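*Asks:* Residue strings, one per chain:
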Amino acid sequence: MKHYSNLESLENFEATVDLALELKKNPFVFEELGKRKTIALVFFNNSLRTRLSTEKAARNLGMDVMVLNVSDSWNLEFGDGTVMNLDTAEHIKEATQVIAQYADIIAVRAFAGLKDKVADATEKVLNAFIKYAGVPIVNMESALSHPLQGLTDAVTIKETVTKKRPKVVLSWAPHPRALPHAVANSFVKSMKLCDVEFVITNPVGYDLDPKITKGITINHNQQEALKDADVVYVKNWSSFDDYGQVTNTDSHWMMTKEKLGHAIFMHCLPVRRNVVVEDAVLDSDQSVVIQQARNRTYAAQAVLKTLLENIT
Amino acid sequence: MKHYSNLESLENFEATVDLALELKKNPFVFEELGKRKTIALVFFNNSLRTRLSTEKAARNLGMDVMVLNVSDSWNLEFGDGTVMNLDTAEHIKEATQVIAQYADIIAVRAFAGLKDKVADATEKVLNAFIKYAGVPIVNMESALSHPLQGLTDAVTIKETVTKKRPKVVLSWAPHPRALPHAVANSFVKSMKLCDVEFVITNPVGYDLDPKITKGITINHNQQEALKDADVVYVKNWSSFDDYGQVTNTDSHWMMTKEKLGHAIFMHCLPVRRNVVVEDAVLDSDQSVVIQQARNRTYAAQAVLKTLLENIT
Amino acid sequence: MKHYSNLESLENFEATVDLALELKKNPFVFEELGKRKTIALVFFNNSLRTRLSTEKAARNLGMDVMVLNVSDSWNLEFGDGTVMNLDTAEHIKEATQVIAQYADIIAVRAFAGLKDKVADATEKVLNAFIKYAGVPIVNMESALSHPLQGLTDAVTIKETVTKKRPKVVLSWAPHPRALPHAVANSFVKSMKLCDVEFVITNPVGYDLDPKITKGITINHNQQEALKDADVVYVKNWSSFDDYGQVTNTDSHWMMTKEKLGHAIFMHCLPVRRNVVVEDAVLDSDQSVVIQQARNRTYAAQAVLKTLLENIT
Chain A
829 MKHYSNLESL ENFEATVDLA LELKKNPFVF EELGKRKTIA LVFFNNSLRT RLSTEKAARN
889 LGMDVMVLNV SDSWNLEFGD GTVMNLDTAE HIKEATQVIA QYADIIAVRA FAGLKDKVAD
949 ATEKVLNAFI KYAGVPIVNM ESALSHPLQG LTDAVTIKET VTKKRPKVVL SWAPHPRALP
1009 HAVANSFVKS MKLCDVEFVI TNPVGYDLDP KITKGITINH NQQEALKDAD VVYVKNWSSF
1069 DDYGQVTNTD SHWMMTKEKL GHAIFMHCLP VRRNVVVEDA VLDSDQSVVI QQARNRTYAA
1129 QAVLKTLLEN IT
Chain B
829 MKHYSNLESL ENFEATVDLA LELKKNPFVF EELGKRKTIA LVFFNNSLRT RLSTEKAARN
889 LGMDVMVLNV SDSWNLEFGD GTVMNLDTAE HIKEATQVIA QYADIIAVRA FAGLKDKVAD
949 ATEKVLNAFI KYAGVPIVNM ESALSHPLQG LTDAVTIKET VTKKRPKVVL SWAPHPRALP
1009 HAVANSFVKS MKLCDVEFVI TNPVGYDLDP KITKGITINH NQQEALKDAD VVYVKNWSSF
1069 DDYGQVTNTD SHWMMTKEKL GHAIFMHCLP VRRNVVVEDA VLDSDQSVVI QQARNRTYAA
1129 QAVLKTLLEN IT
Chain C
829 MKHYSNLESL ENFEATVDLA LELKKNPFVF EELGKRKTIA LVFFNNSLRT RLSTEKAARN
889 LGMDVMVLNV SDSWNLEFGD GTVMNLDTAE HIKEATQVIA QYADIIAVRA FAGLKDKVAD
949 ATEKVLNAFI KYAGVPIVNM ESALSHPLQG LTDAVTIKET VTKKRPKVVL SWAPHPRALP
1009 HAVANSFVKS MKLCDVEFVI TNPVGYDLDP KITKGITINH NQQEALKDAD VVYVKNWSSF
1069 DDYGQVTNTD SHWMMTKEKL GHAIFMHCLP VRRNVVVEDA VLDSDQSVVI QQARNRTYAA
1129 QAVLKTLLEN IT
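Protein chains in written order, with the working numbering: chain A, 829 to 1140; chain B, 829 to 1140; chain C, 829 to 1140.
By construction, these hints were calculated from the structure, which means they are not laboratory data.
These figures come from a predicted structure and were not determined experimentally.
Positions of the beta carbon are idealized from the N, C-alpha and C atoms, including for glycine.
One or more hints might be untrue.
[Claimed, not checked] The calculated lysine-lysine pairs, modelled on DSSO-like cross-linking and capped at a C-alpha distance of 30 Å, are:
#	chain 1	residue 1	chain 2	residue 2
1	B	K1042	B	K1055
2	B	K863	C	K865
3	C	K959	B	K853
4	C	K1133	A	K865
5	B	K991	B	K1085
6	C	K865	B	K986
[What the hints assert, rightly or not] Pulled a few chain C residues facing chain A out of the computed Cβ check, cut under 10 Å:
#	residue
7	P855
8	E883
9	V893
10	R1005
11	T1077
12	D1111
Assemble the whole structure, with the sequences as input and the hints as a guide.
*Replies:* Printed below as a string of C-alpha cells:
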C-alpha cells in the first residue's frame, strides 16, 4: 500500500481489521516503528475525533505529530497554467511538496463542497497530495470517502457481533443541514468487504451514488429494511441526485428504540440527539458509538503501521 | 483524588505544595510515570500561561499532550432531551466521552459567562466533563474557580516568605472590563488552607461570594487592610452582587509602591500596568509575578503526578 | 551566540552552513542534546514552512515543541509607562518573561507592518523578546530580516553549485500585494558572507535599504544583470523608498526560462506562478525551490544546536 486514499487501498482488508483489534489489546508493541518519523495532519476542515484518534495512533507508534489547521487565508491554486495575480498565493504543487519535506507521512482532510458533483468527484485536494507530495498520503475524509471511519466500522462490528453473517442495515436519518456522502460511501464499501447481509434504507431521492451501491439492496421502506437487523448504522447524507440538497427532513426516519429492535446501534458521531436518533437509543446498552470512537485510534494505527513498514 | 476540580479535591494540600517545590528542584524525576499516557488540554477560552505551563508539566512527567482549541463552530448541546434541530451539532455527553477515548486525563478551561449567576454556578462544562468523561478531569479555570492558580499561589508564598504566619492581603484593583471571580475565589480558598493571617480588601459592592469568604475579614478600607502586610495579592474582579457588572473603576484602588510597603507583590497575570498596579511595583524586586508564572508548571505537575498515580 | 536575531548573530557563518549540510546527512546524531529542553514557537503571523521546518529541526534534536499562534485578541502593550486602560491587556515585558518560564528557547515571528518605516525598523516585537525574555531568541522572520531563510539559501547554493565563485543574481519580480523586505534583506546579507559574485536587479524605485545593499551592485537592467548567472534568486518586495507601496507590477520583470539561461532558480516560497515566475521555470530541473524548503529544517537545526550548546 502506497497511500491510504480509500478502503480499496488496503491489500488485505480482513487482515487490517484483525491488526486493529490486536493493536487495541497491545497499543504500544510497535512503538519503535515510528521513531524519528513524523506525520503531518493537514486539516482543511474542522476535526475532533479524526484529529485526536489519528494523533494518538501515530504517537502509539512512536511518531512525532505536527497538526496544521489550514486557515482560510491560505488560498491555494489548483489550476494548471493559471496566472496567479488574484487571490491565490500558493499552488498546490508547491504546497504539497513542501509539507512532504518535513513529514514522512501526510494525512489530509478536505470535505466535499456539496455544490458541484463533478468537482467533488475529482477529489482535487486529496489527489493533488497523492500526485505531488511524494510521501504516503492518508485520507482523513475527502469529498467522497472516509476510509478511516469505514475501517473502524468493520473493526467495531467484528469486535461486537459474534453471529455469523449478521444483518447490517445502513439507515438514513433526517438532519437540518446538508452533509457529505463520505461516511456513508465508505461504510457501504466496508460492508461489501465484510461477510454480512447488507441493506441500505433511505427515502426516495436519497439513493447514494449507484456506482458505489452497485449490487446492494436499497429498500425505501425503512420498516422492512430493519427487520431482523443485527446492526443498524444510522447516518444522514444530503441528496446525491439533487446534489448537496436537503429535500427531506421527515422525522419519521429518525431511529427509535422501537425500530432498533435487538440490533446494536452505530453512528460515526457527532450526532444530533432526537433528530437523527432518539435519546433512548443513544443512552441504551445497544449503542456502541463510544466504542466506535475509541476504535478510530486502532484503525488509524493499523493503517499507519502498514504505511510505516513500507517506508525504508 | 479522582478529579482536580477545585482546591478541595486535594487530599493533602500542604503535601501537594511541598511536592510542587520538590518538583521545581527536580522536574524530571518522574518522567517515566506519564510514559504512554496522554493528556488532552481542551480550551473553550484563550490561554497563554495555563496552556504552556500545563503542557510543560505534562511533558516533564513524560506524557503526550494534545491541545484542542474549541472553535465557536463546535456548538455543544447541554440540555437533556433537546431536539437538536437548530444550532447545536453535538451533545456534551458524546463530546466528553469521545475525548476520553483518546486521553488518559482531560484538562478543561471554560470561563464564566458573567451574565447569569445561577448558570455560572452550575459549572456546566466542567461538571459535564466530570460526569461523563470517565477519566480524571483537571480544572484549568472554570466559571468559579482556578485551582491550579490557587495552588501556585500557595507554592509561591511558601517559597518566598520565611516569616511564620505572614499577613496576606487580597486587594481588589480597578479594571476597565468585567473579569470573572475564579482567581480570587481560588486564592481565598488557598489562603484558608495556609497558615497565614488573611484579609480581603475591596470596595463596597465588590464583596466576593459570602459562601467562599465565610470566616475571612473583609475590610473596605484598603489602607487599614494593607497595614503591616507581608504579601499583597492584587486582582480585579467584577461585582458579585451586581453580577458581572463593572460598577467601580476608582483608580485610588490601584496598587502603588507606597501602599505596598515592604510586602511582596503577587498577581496571576496578565496585568494592566498603571491601572491595576503601577510600574514601580511591577518593576521592583518586591514583585514575584514572574516567579508565580514559573511555579504554574510545578503546581500543575504536582496535580498531574497525583492523578497519574491513581490511574492503574 | 546568545540569540539568533540576524545572520550577523552567527559567530562563524561558513561553519554553520557546513553544519547544516552535515545535519542533513545525519539528522538524528544530536538527538540527546535537546532532551528535556523545550522550544516555544510564537507566531504573530501565519506560517507554513517556517513552523514545520523549525518544529522538525527541534524534534530532530530531541526537543519538545510548543506552538503558540498569537490571536488578535492578545493585545500587547509595548509603550513604557502606558496607563493600560484601553485595548491592551498585557505588557510585552510580562508576556515575554512568562513564555520564557516554560521554554528554554523562544522562536518568534512578527512581520513588518509596512506602514511606518521607522516603526518597522525598531523591530519592536523581536527586540522586546531579546530584551526581556532572558532565554535565547530565534528570529523566524521579523520586520526586517529572515535569517533562517538567508542561512538556508547559502546552504542550498553550497550544496548545489560546484563552480568556484559563482555569479548569483537577486532579481525582483512583480506581485499584486505589498510584501516585506525581510527575505530579500537576509539574502543580501547571506550573499555578502559567501564567496560569490553578487548582483541585485530591480526596477527604479525598488532599491532595498542602502545600508543593507552597501557595496553591492544594483543594476536596474534585468537583462544585463542576469548575464552569465549561475544562480537566480527571484523575490518580490514592496518599495522601500515609497515605503510599503506597490508602485510597479510590470510583468516584464517576471522570471522566464529564456531569461534564466543555465542558472539554477531559487525562491523562498510561496510563489505566485506566472506572475513571479513562469511555470516552465518552476517545473524544470533548474528549480531548486523544494530542496530549499527541505534545507530549512537543517538550517534551523544548525542554529538550534548552536544555541542549545550554549545553554548550561
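*Asks:* Take the hints in turn and mark each one as holding or not.
*Replies:* Tested hints:
A hinted pair counts as satisfied when its Cα atoms are at most 30 Å apart, and K1042(B) with K1055(B) qualifies at roughly 22 Å. Proposed proximity of K863(B) and K865(C) is supported: the alpha carbons are some 17 Å apart, at most 30 Å. A distance of roughly 27 Å separates the Cα atoms of K959(C) and K853(B); the hinted pair therefore holds under the 30 Å criterion. A threshold of 30 Å between alpha carbons decides the hint, and for K1133(C) with K865(A) the separation of about 20 Å falls inside it, so the pair holds.
Taking the CA atoms of K991(B) and K1085(B), the gap is about 21 Å. The hint holds against a cut of 30 Å. For the hint linking K865(C) to K986(B), the alpha-carbon distance of about 27 Å falls within 30 Å, and the restraint holds. With a least beta-carbon distance of about 8 Å to chain A, the hint placing P855(C) at the interface is held under the 10 Å criterion. Annotation: E883(C) was flagged as interfacial toward chain A, and the flag holds, the nearest CB pair being 6 Å apart, inside 10 Å.
The closest approach between the C-beta of V893(C) and any C-beta of chain A is roughly 9 Å, which is under the 10 Å cut-off, so the hint is satisfied. Given hint, R1005(C) at the interface with chain A, holds; its Cβ is 8 Å from that chain's nearest Cβ, closer than 10 Å. With a least beta-carbon distance of about 8 Å to chain A, the hint placing T1077(C) at the interface is held under the 10 Å criterion. For the restraint placing D1111(C) at the interface with chain A, the shortest Cβ-Cβ distance is roughly 8 Å, inside the 10 Å limit, so the hint holds.
In the structure shown, no violation is registered for any of the earlier numbered hints.
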